[in-house]
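S.K.: Add chain B to chain A, keeping to what the hints say.
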Amino acid sequence: MNLRVHREDLLAEMGYRQPPQPKLLEMVDEMLGLLGDLIEPNLAFKEIHGNKGLPPFLVGAALKYAGAATLGPKLENRVKELSDERKAAESYILDTAGSIAVTKAGDLLWEKIRQDAAPRGFKKGLRRTPGCRGIEIETQQWIFEKLGDAGPGITLTQACMMVPRKSLSFLARFGGKLGHGFSCEGCPQYAQCTLRSEK
Amino acid sequence: MIKAIYTAVLEGKVEEASTGVQKALDSNIGVSEILNKALISAMDLVGEKFGEGDIFIPQVLWSAKAMQAGMDLLKPLLASSDRLESGKIVIGTAKGDIHDIGKNLVAIMLEGAGFDVIDLGVDVSPERFVEKAKEEKADVIAMSALLTTTMQSMAEVVALLKEKNLPHVKVIVGGAPVDQAFCDEIGAHAYGTDAVDGLRKTKGLLGR
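Going line by line, the protein sequences match chains A and B. First residue of the first sequence: 1, per my numbering; consecutive thereafter. First residue of the second sequence: 1, per my numbering; consecutive thereafter.
Just chain A, with the same shape it has in the complex (with noise of 0.2 Å):
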């Protein structure tokens, strides 16, 4: 699974638009270094049948999904000794590129969706997250519910927060007409996801 996240993307990521001095690069490249023993990636997907008990985003879609995608314990691990030894720099910019690649993985599990959807004759679809407008958070039980045994290895808090952190889950609906309450604008995320720029 190539989840390998480029310097360049990195270092946009962290607000840099033009090359930083060389002692900022030295450590970039350190922890992207880092990065590929630190990321164990899992994906899962699973077909929705039925329309009983549907959260509200996947009603009336032809054909339904759930899917999660976590790189593992590791890459946190790492983020937080970096941390508790002082080295708060190197730690943000590992924490940064494990949102990177995060996000990758996403990307990643999507495509697998639509693959698995397009011999349907489904080209397009949607997904949204749990927490995102019009999805409650509480949705991720029902995902990881469904997902069950097949799931990624993501345990959910009381608080319906993926552990590990550096994990997502979405549901995905293809066909069929969507319900309203699902616009990304006036969502108070809207400026900086990373999601809408799929669209």
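Source of the hints: derived by calculation from the structure; they are not laboratory data. Hints may be right or wrong, so weigh each one.
Below, computed lysine-lysine pairings styled on DSS-like, alpha-carbon distance capped at 25 Å [as the list claims (entries may be wrong)]: (1) B/162 to B/88; (2) B/162 to B/75; (3) B/49 to A/87; (4) A/177 to A/52; (5) B/49 to A/23; (6) A/80 to B/37; (7) B/137 to A/87; (8) B/162 to A/87; (9) A/23 to B/137; (10) A/52 to A/146.
M.R.: This is chain B only, laid out in the frame that chain A set:
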């Protein structure tokens, strides 16, 4: 010598900042002068540069670390009148929230500026925030949240402070879904857009 320390902090050179402070102390330069003219002035400029988009978080963190290295040498020598940032901050991530990178950055900035920071970690209940603030006689509670669902517990902290009659404890909030409108709505005292702004607003809350 002051200029060398100032430059070391500005450029995030930890060893040079530490060595410079030690040399300055050995040369009988006053603690207050080192603190104000070198460390704090440099961090003020770092904050300005960050605000203007000239530098970004990794560089701010280097500078904070360099300042911290200098502060470690100065702290035992500081008279109470020298301690410009004499304040105690209880910081943590809102109940239900386990994301801590933003909170950690703010804690580093506050510590770097000389505040006494008590980090409660992640998933902190409103009761724990308030109990700790009371126990430690804290001046400020600083809270961070990543999701709209978890930021709601920040309102409970504000309400609990009122209930426990602790009006002197100020509350600052931050995190991706938080904005000034939410801060106003729950009755918090300040909203920090990022770690540097969080530091600036905390200083403001304490009249610095």
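S.K.: Give a verdict on every hint.
M.R.: Quick rundown of the hints versus the structure:
{"no.": "1", "hint": "B/162 to B/88", "result": "holds, 19 Å"}
{"no.": "2", "hint": "B/162 to B/75", "result": "violated, 34 Å"}
{"no.": "3", "hint": "B/49 to A/87", "result": "holds, 22 Å"}
{"no.": "4", "hint": "A/177 to A/52", "result": "holds, 17 Å"}
{"no.": "5", "hint": "B/49 to A/23", "result": "holds, 18 Å"}
{"no.": "6", "hint": "A/80 to B/37", "result": "violated, 34 Å"}
{"no.": "7", "hint": "B/137 to A/87", "result": "violated, 29 Å"}
{"no.": "8", "hint": "B/162 to A/87", "result": "violated, 38 Å"}
{"no.": "9", "hint": "A/23 to B/137", "result": "violated, 41 Å"}
{"no.": "10", "hint": "A/52 to A/146", "result": "holds, 12 Å"}
In this structure, the hints that do not hold are numbers 2, 6, 7, 8 and 9, in rising order.
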